[in-house]
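Asker: Residue strings, one per chain:
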Amino acid sequence: GQQVMQIPQYQHVQEGEDFTTYCNSSTTLSNIQWYKQRPGGHPVFLIQLVKSGEVKKQKRLTFQFGEAKKNSSLHITATQTTDVGTYFCAGSGSGNNRLAFGKGNQVVVIP
Amino acid sequence: NAGVTQTPKFQVLKTGQSMTLQCAQDMNHEYMSWYRQDPGMGLRLIHYSVGAGITDQGEVPNGYNVSRSTTEDFPLRLLSAAPSQTSVYFCASSYQIGGLVQYFGAGTRLSVL
Numbered sequence: 001g002q003q004v005m006q007i008p009q010y011q012h013v014q015e016g017e018d019f020t021t022y023c024n025s026s027t028t029l030s031n032i033q034w035y036k037q038r039p040g041g042h043p044v045f046l047i048q049l050v051k052s053g054e055v056k057k058q059k060r061l062t063f064q065f066g067e068a069k070k071n072s073s074l075h076i077t078a079t080q081t082t083d084v085g086t087y088f089c090a091g092s093g094s095g096n097n098r099l100a101f102g103k104g105n106q107v108v109v110i111p
Numbered sequence: 001n002a003g004v005t006q007t008p009k010f011q012v013l014k015t016g017q018s019m020t021l022q023c024a025q026d027m028n029h030e031y032m033s034w035y036r037q038d039p040g041m042g043l044r045l046i047h048y049s050v051g052a053g054i055t056d057q058g059e060v061p062n063g064y065n066v067s068r069s070t071t072e073d074f075p076l077r078l079l080s081a082a083p084s085q086t087s088v089y090f091c092a093s094s095y096q097i098g099g100l101v102q103y104f105g106a107g108t109r110l111s112v113l
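For the record, the sequence lines run as chains A and B.
The numbers in the numbering used here rise by one with no breaks, and the one at position 13 of the first sequence is 13.
The numbers in the numbering used here rise by one with no breaks, and the one at position 93 of the second sequence is 93.
The set of hints was computed from the structure by calculation and includes no laboratory data.
Please read all numbers here as calculations on a predicted model, not as lab measurements.
Take the hints with a grain of salt, since some may be wrong.
Which bits of chain B does chain A cover? Going by a derived footprint, with three or more residues having C-beta under 8 Å, they are [unchecked claim]: (1) 20-29; (2) 35-44; (3) 103-109.
Taking lysine to aspartate or glutamate and the EDC-like style, the derived pairs with C-alpha atoms no more than 16 Å apart in a straight line are [as the list claims (entries may be wrong)]: (4) A:Lys-59 - A:Asp-18; (5) A:Lys-103 - A:Glu-67; (6) A:Lys-36 - A:Glu-54; (7) A:Lys-57 - A:Glu-15; (8) A:Lys-103 - B:Glu-59; (9) A:Lys-103 - B:Asp-38.
Anything over 10 Å on all C-beta distances counts as not near chain A; from chain B, calculated [as the list claims (entries may be wrong)]: (10) Gln-11; (11) Val-12; (12) Lys-14; (13) Gln-17; (14) Asn-62; (15) Gly-63; (16) Asn-65; (17) Thr-71; (18) Asp-73; (19) Arg-77; (20) Leu-79; (21) Ser-84; (22) Phe-90.
Backbone N, C-alpha and C fix where the C-beta goes; we use that ideal spot for every residue, glycine too.
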């Protein structure tokens, strides 16, 4: 089955610094989605990318979909304490009714 | 507009007991799904449904049953609870088109003793 892998699994980030988290798929994806889960909460949709090489920005967050549509990245600049949580990527293949989630990247922000 | 509602929020079961986790959505979404979340394992798909009367297995279906008699409701049944089913369970819904963007409920935290 389709697999989506995320690296790193854990990150400690100093407040004010930038960091990047990566997502890789074993197969070509029709789309990639990113979610954020705050501690004790539920996953919340952030963004979806569908085009090869697509880049989207949300304030301090930059999302990129690879040219081959097999990888994606999330880059956060000037990290704030509100960025703490686990970031998941998820993808599906063309015509696939199942969304495969990565194991997540748990981010701890050091004040 | 409540979104996705899950009940109960917390539950403790004894091994061998059965129970149903409830999930309801009011967004008229065709697609509904159940995930379990365990430390270090991410979100794993248990069962999903693309519409009323249609269900299919996900990645980890064993020990769970589902049915979809209406568009709004998608209950998850644990037939005979085992300690390995201790987990956080999330229900989600989405439109069938547009990439299956998932809207999650608040979750049910289940402990099986």
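Asker: Each of the hints needs a verdict: does it hold here or not?
Answerer: Here is what the structure says about each hint:
no., hint, result
1, 20-29, "violated (count 0)"
2, 35-44, "holds (count 6)"
3, 103-109, "holds (count 5)"
4, A:Lys-59 - A:Asp-18, "13 Å, holds"
5, A:Lys-103 - A:Glu-67, "23 Å, violated"
6, A:Lys-36 - A:Glu-54, "20 Å, violated"
7, A:Lys-57 - A:Glu-15, "20 Å, violated"
8, A:Lys-103 - B:Glu-59, "14 Å, holds"
9, A:Lys-103 - B:Asp-38, "10 Å, holds"
10, Gln-11, "17 Å, holds"
11, Val-12, "18 Å, holds"
12, Lys-14, "25 Å, holds"
13, Gln-17, "25 Å, holds"
14, Asn-62, "15 Å, holds"
15, Gly-63, "19 Å, holds"
16, Asn-65, "18 Å, holds"
17, Thr-71, "16 Å, holds"
18, Asp-73, "19 Å, holds"
19, Arg-77, "21 Å, holds"
20, Leu-79, "23 Å, holds"
21, Ser-84, "18 Å, holds"
22, Phe-90, "6 Å, violated"
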